[in-house]
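> Below, each chain spelled out in residue letters.
There are 2 protein chains.
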Amino acid sequence: MTEISDKNITAAMLVIGDEILSGRTKDKNIGFIADYLTNLGIELCEVRIVADDCDQIVDAVNALRQRYTYIFTSGGIGPTHDDITADAISKAFDVPCEFHPDALALLTKHYKARSIQFTDARMRMARTPRGATLIDNPISIAPGFCIENVHVMAGVPVIMQAMMDALAPTLKSGTKMLTDSVDCPLGEGTIGGPLGDIQEAHPDTMIGSYPRFKDGSYSTQIVIRSKNSAAITAAKIEVEAMLEKLGVNK
Amino acid sequence: MTEISDKNITAAMLVIGDEILSGRTKDKNIGFIADYLTNLGIELCEVRIVADDCDQIVDAVNALRQRYTYIFTSGGIGPTHDDITADAISKAFDVPCEFHPDALALLTKHYKARSIQFTDARMRMARTPRGATLIDNPISIAPGFCIENVHVMAGVPVIMQAMMDALAPTLKSGTKMLTDSVDCPLGEGTIGGPLGDIQEAHPDTMIGSYPRFKDGSYSTQIVIRSKNSAAITAAKIEVEAMLEKLGVNK
Numbered sequence: 001m002t003e004i005s006d007k008n009i010t011a012a013m014l015v016i017g018d019e020i021l022s023g024r025t026k027d028k029n030i031g032f033i034a035d036y037l038t039n040l041g042i043e044l045c046e047v048r049i050v051a052d053d054c055d056q057i058v059d060a061v062n063a064l065r066q067r068y069t070y071i072f073t074s075g076g077i078g079p080t081h082d083d084i085t086a087d088a089i090s091k092a093f094d095v096p097c098e099f100h101p102d103a104l105a106l107l108t109k110h111y112k113a114r115s116i117q118f119t120d121a122r123m124r125m126a127r128t129p130r131g132a133t134l135i136d137n138p139i140s141i142a143p144g145f146c147i148e149n150v151h152v153m154a155g156v157p158v159i160m161q162a163m164m165d166a167l168a169p170t171l172k173s174g175t176k177m178l179t180d181s182v183d184c185p186l187g188e189g190t191i192g193g194p195l196g197d198i199q200e201a202h203p204d205t206m207i208g209s210y211p212r213f214k215d216g217s218y219s220t221q222i223v224i225r226s227k228n229s230a231a232i233t234a235a236k237i238e239v240e241a242m243l244e245k246l247g248v249n250k
Numbered sequence: 001m002t003e004i005s006d007k008n009i010t011a012a013m014l015v016i017g018d019e020i021l022s023g024r025t026k027d028k029n030i031g032f033i034a035d036y037l038t039n040l041g042i043e044l045c046e047v048r049i050v051a052d053d054c055d056q057i058v059d060a061v062n063a064l065r066q067r068y069t070y071i072f073t074s075g076g077i078g079p080t081h082d083d084i085t086a087d088a089i090s091k092a093f094d095v096p097c098e099f100h101p102d103a104l105a106l107l108t109k110h111y112k113a114r115s116i117q118f119t120d121a122r123m124r125m126a127r128t129p130r131g132a133t134l135i136d137n138p139i140s141i142a143p144g145f146c147i148e149n150v151h152v153m154a155g156v157p158v159i160m161q162a163m164m165d166a167l168a169p170t171l172k173s174g175t176k177m178l179t180d181s182v183d184c185p186l187g188e189g190t191i192g193g194p195l196g197d198i199q200e201a202h203p204d205t206m207i208g209s210y211p212r213f214k215d216g217s218y219s220t221q222i223v224i225r226s227k228n229s230a231a232i233t234a235a236k237i238e239v240e241a242m243l244e245k246l247g248v249n250k
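Sequence lines, in order, name chains P and E. Residue numbering for the first sequence follows this note's numbering, starting at 1 and increasing by one per position. Residue numbering for the second sequence follows this note's numbering, starting at 1 and increasing by one per position.
Simulated from the structure, these hints should not be mistaken for lab results. Hints may contain errors.
In this list, chains with the same sequence are indistinguishable; a pair is considered to hold if it fits within one copy or across any two.
[Unchecked claim] Derived DSSO-like pairs: lysine-lysine, alpha-carbon spacing no greater than 30 Å straight-line: (1) Lys-91 with Lys-245; (2) Lys-28 with Lys-227; (3) Lys-176 with Lys-227; (4) Lys-91 with Lys-26; (5) Lys-214 with Lys-109; (6) Lys-227 with Lys-109; (7) Lys-112 with Lys-227; (8) Lys-26 with Lys-214; (9) Lys-245 with Lys-176; (10) Lys-176 with Lys-28; (11) Lys-28 with Lys-236; (12) Lys-176 with Lys-112; (13) Lys-236 with Lys-91; (14) Lys-112 with Lys-172; (15) Lys-172 with Lys-214; (16) Lys-227 with Lys-172.
Next up, chain P with everything else stripped away, as it sits in the complex (with noise of 0.2 Å):
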């Protein structure tokens, strides 16, 4: 990381693409970039899922950016007609879509030695908003790119994981976020007084509990987050009495 900051770090997910909302193709991004940002402190806030429609996704990310320190975008970077990512996102920035010297230069050199045709198709491939920077691709060449704090990736799960890895060196990390985990045997509906109060005494941690429902009965992970590793420690001194006292042994 080239940086390491006190402050939190913002980032919000903007996922394109019609094939997710017909549910035709099942989202795998979502999950992975999350991780991926809970990792390097970067706090994920907000998640949204738009058409490969012009008008929502320039809303969406004009949205976002103005209230995130980071915006990643999955999905529309293709050749085809229905990718039209970065023509809305010049859109969103006000700026022209145009050719990329770098990224035609890459595609030209990568279909060159492949004795692949570079259609008009591909080219589409190196158009980028003015002023914008490219985003390795060591799967298949055609680049992602940032523009100002929106970073523009592909949609196929393999070819975004590779670009985010190409990007996480350039962005600024926050301090991380901690975390552990109490399993509890019994239900929210037992616990879920008693857990409000110690959330109440520990503000600096966030407490939440997540109940997992088998076999007609509930159990419940009680997961402590801070960026303060005390605090947690004395946050689930607590929450184990009070497992105690419910006649849960350890």
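Given chain P, put chain E in place with the hints provided.
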């Protein structure tokens, strides 16, 4: 279905939960809802994922409920302090969040029959915005609720799915989107140009192309969607003719 409309019936989904944004839990509800609504002829136009944060939920609900026929939410209706969906939806509609008498009666009976204490935490699950109607939960009883066009469901997938089944007969159903597809062994870069021409010539259809990347080369699934089956057939004939011209054998 109570009513089939020729008009476009649209929807948005709002997923509520820190655990999805942190990566701890991988969402399984978006893909389910996308498939489910597509089968009902309801067009899912947008999805948002937000944290367990009242302002974020209020903003998202108020933005989405103006724009689409239906809003479906998942998550945040359990018994613990971080389950704030009922409060946030009440705030979005500017009505009090209060005990719903039918929900209280259901839960009182349920816990009494099982000799389980009806704790304050469990009573939280009987709170809804004033004026809400309940969504049946055959699995764990604590109901979801509807207020105007907003339908609030659990985050646990098996319960959300049962609630969706309970809800479906009350929804207006649109003309169902029909779909057909053509498997294409060529990459999008090869077919992108002519496929764009076919899309232009068939404005009654939406032609999507979805790359697959395996073992270093691309193939493509071409998907043609329309509410008019004759329009799909006409476009498909042109797609197949294009592929034959490019040397693809049927």
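> Between the shortest in-copy and the shortest cross-copy C-alpha distance, which are at most 30 Å for Lys-176 and Lys-227: within, between, both, or neither?
within (6 Å within a copy, 49 Å between copies)
> When Cα atoms must be at most 30 Å apart, do Lys-28 and Lys-227 count as within-copy, between-copy, both, or neither?
both (28 Å within a copy, 28 Å between copies)
> Using 30 Å as the alpha carbon limit, work out where Lys-227 and Lys-172 are close: within a copy, between copies, both or neither.
within (17 Å within a copy, 47 Å between copies)
> Up to 30 Å between alpha-carbons, please classify Lys-245 paired with Lys-176: within, between, both or neither.
neither (33 Å within a copy, 55 Å between copies)
> Using 30 Å as the alpha carbon limit, work out where Lys-112 and Lys-227 are close: within a copy, between copies, both or neither.
neither (51 Å within a copy, 42 Å between copies)
> Since the copies are identical, ignore which copy is meant and state whether Lys-91 and Lys-26 lie within 30 Å (CA to CA) inside a copy, between copies, both or neither.
within (28 Å within a copy, 32 Å between copies)
> How would you classify Lys-176 and Lys-112 at a CA-CA limit of 30 Å: within, between, both, or neither?
neither (45 Å within a copy, 45 Å between copies)
> With identical chains, the pair Lys-214 and Lys-109 could be close in the same copy or across copies; at 30 Å between alpha carbons, which is it: within, between, both, or neither?
between (56 Å within a copy, 22 Å between copies)
> If the cut is 30 Å between Cα atoms, do Lys-112 and Lys-172 qualify within a copy, between copies, both or neither?
Intra 37 Å, inter 54 Å, cutoff 30 Å: neither.
> Could you place Lys-26 and Lys-214 in one of the four classes (within, between, both, neither) given a Cα distance threshold of 30 Å?
Both, since 25 Å and 18 Å are each at most 30 Å.
> Is it within, between, both, or neither for Lys-176 and Lys-28, if the alpha carbons may be no more than 30 Å apart?
both (24 Å within a copy, 26 Å between copies)
> Can you give me the call for Lys-236 and Lys-91, within, between, both or neither, at a CA distance of at most 30 Å?
Answer is neither: 49 Å inside a copy and 32 Å across each miss the 30 Å cutoff.
Checked against the numbered hints above, the structure violates hints 1, 6, 7, 9, 12, 13, 14 and 15; every other hint is satisfied.
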